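Engineer: Listed here are the chains, written in short residue letters.
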Amino acid sequence: MTLAGVRADAPGPATAGVRGDAPGTALTGARADLPGGVRADARIVARADGRGGTALPVLDGSGPLAPRRTRGSGGEARVMVVGAMSGPLGGDRFTLHARVEEDARLHLGSSAATLALPGQAPGEARYDVRLDVADGAELRWLPEQLISATGSDLRVTTLAELAAGARLVLREEQVLGRAGETPGLLTSRLTLRVAGRTVLDQELSCGPGAPGGWDGPAALAGHRAVGQLLVVRPEFAERPPGARMLGECAALMPLPGPAALVTALAPDALRLRRVLDEARELLG
Amino acid sequence: MTRAALLVLADGRFPAGGHAHSGGAEAAVKAGRITGAGDLEDFCRGRLHTAGLVAGALAAAAVLGVDPRELDAAADARTPSPALRLAARRLGRQLLRAARASWPCAELDRVAGWFPKGAHQPVVLGLAARAAGLGPSDAAYCALYESVSGPATATVRLLSLDPFDATGVLARLAPELDAVAESAVGAAGRAAARGVAALPAASGPLLEIMAEAHASWPARLFAS
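Going line by line, the protein sequences match chains A and B.
Quick note, the first sequence lines up with residues 1 to 284 if you use my numbering.
Quick note, the second sequence lines up with residues 285 to 508 if you use my numbering.
Quick caveat, the hints were computed from the structure, so don't treat them as lab data.
All values derive from a computational prediction rather than experimental measurement.
Certain hints may be false.
To be verified - Residues from chain B shown here face chain A by an in silico Cβ test under 8 Å; the list is partial:
1) Gly320
2) Asp323
3) Pro366
4) Arg374
5) Asp393
6) Ala396
7) Glu496
We treat Cβ as the ideally placed atom computed from N, Cα and C, and that holds for glycine.
So that you can see chain A by itself, here it is in the shape it has in the complex (with noise of 0.2 Å):
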């Protein structure tokens, strides 16, 4: 996996909205900044189609945040946001909603890993994703990595709300900085709801400017790659999986509640990503 050279624009139909970038040569990412950053919205809606397969009648977006319909399999559809400029940048502030409904199937994806980037507007950046996943459903929500890049202030949340039987497998991964990077200050809450009650609510913060300790003996102890995988099913509330470790730095945790979380720690993104996927994997 190549770090340098993430998120490299997509070329192709101006998409871009608010900012009037200019796409095909937006490599160095390139944008007239407005006052106060850009907003970007995008939605999506999964429904199933009655003959065994997904819809989606939904699926909105532009500029930073534009899903796009691949080729799904079986009965999943399978949707990748591709972002069409860099960011999110100081200021930003993105928002991406999904909704699966009843017995929808849908793998969510993303083209390139999201570099947070210093801005000109003032402030934080803000990227908000929230996830609906209803009785029958499931959901993948798998994208790639957040690269917090020198400078940058970004604060992510994400939260999940599931009902009680729908199934959920989610990835975060935050990759403190490019290559030999200092990296930016990154906040990241995940918050897991299932039928209402609160299975999960985490914070991590790190970063130049996070509350002292981020990167001592407690916290990430100079590991430059931290993540998450979030496994939801009905199933596991009556037979949920062991409490085990994977490797040195990475745990499996049955949580209170039909779902487990694996969280890993590792040199760089590389490493990170092969526990995550090994962790995968063992979940089945």
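Guided by the hints, dock chain B onto chain A, whose structure is given.
Structural biologist: For chain B alone, kept in the frame of chain A given last:
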């Protein structure tokens, strides 16, 4: 209210079982991540701003009268490691026994009935403070101080660290502890007004991961 009750509750000799737990220090020492006073300070600082902040806010919210059952569920959701959830409940049960003996009242009896296997320790700590007539800030200070004093004391035993050095670490962290206590009490007030989702959820990945590693060891000096 009596201020002296705070000293009783915060005393390391209060029979609540905390001495059997290292707050993750034993695993960090074994992994070579705590080798002296400098690392210990870094470890405690990380713990203060993550697990400490959450514990302080839970304790303060319990004093403010937020439903202990909701606080306990919020603590569960903020503790992915099953080993840490188990340790927190065992400590909570022990603390509740000590608190009921010290400040007997109907509220503590009711909580004991709700949680036969124990509630999360910071929630019980807040209820004990409330029973003793203390305020939310007192409870937050107790929880925060425990979040760093436990690992410091344990490291003295684990590494034969000079106790003067360990105490120096705690003294240097005091101004930061003041700041975190203020933030914990603020969050507890928001939780009382708007619900437990307003509680902080800060986490230290290695605290969770290494708690699982520690729980799998065949022999250990501390319970967690």
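Engineer: Hint compliance check: list the failing hint numbers for this structure, sorted ascending.
Structural biologist: 1, 4, 5 and 6
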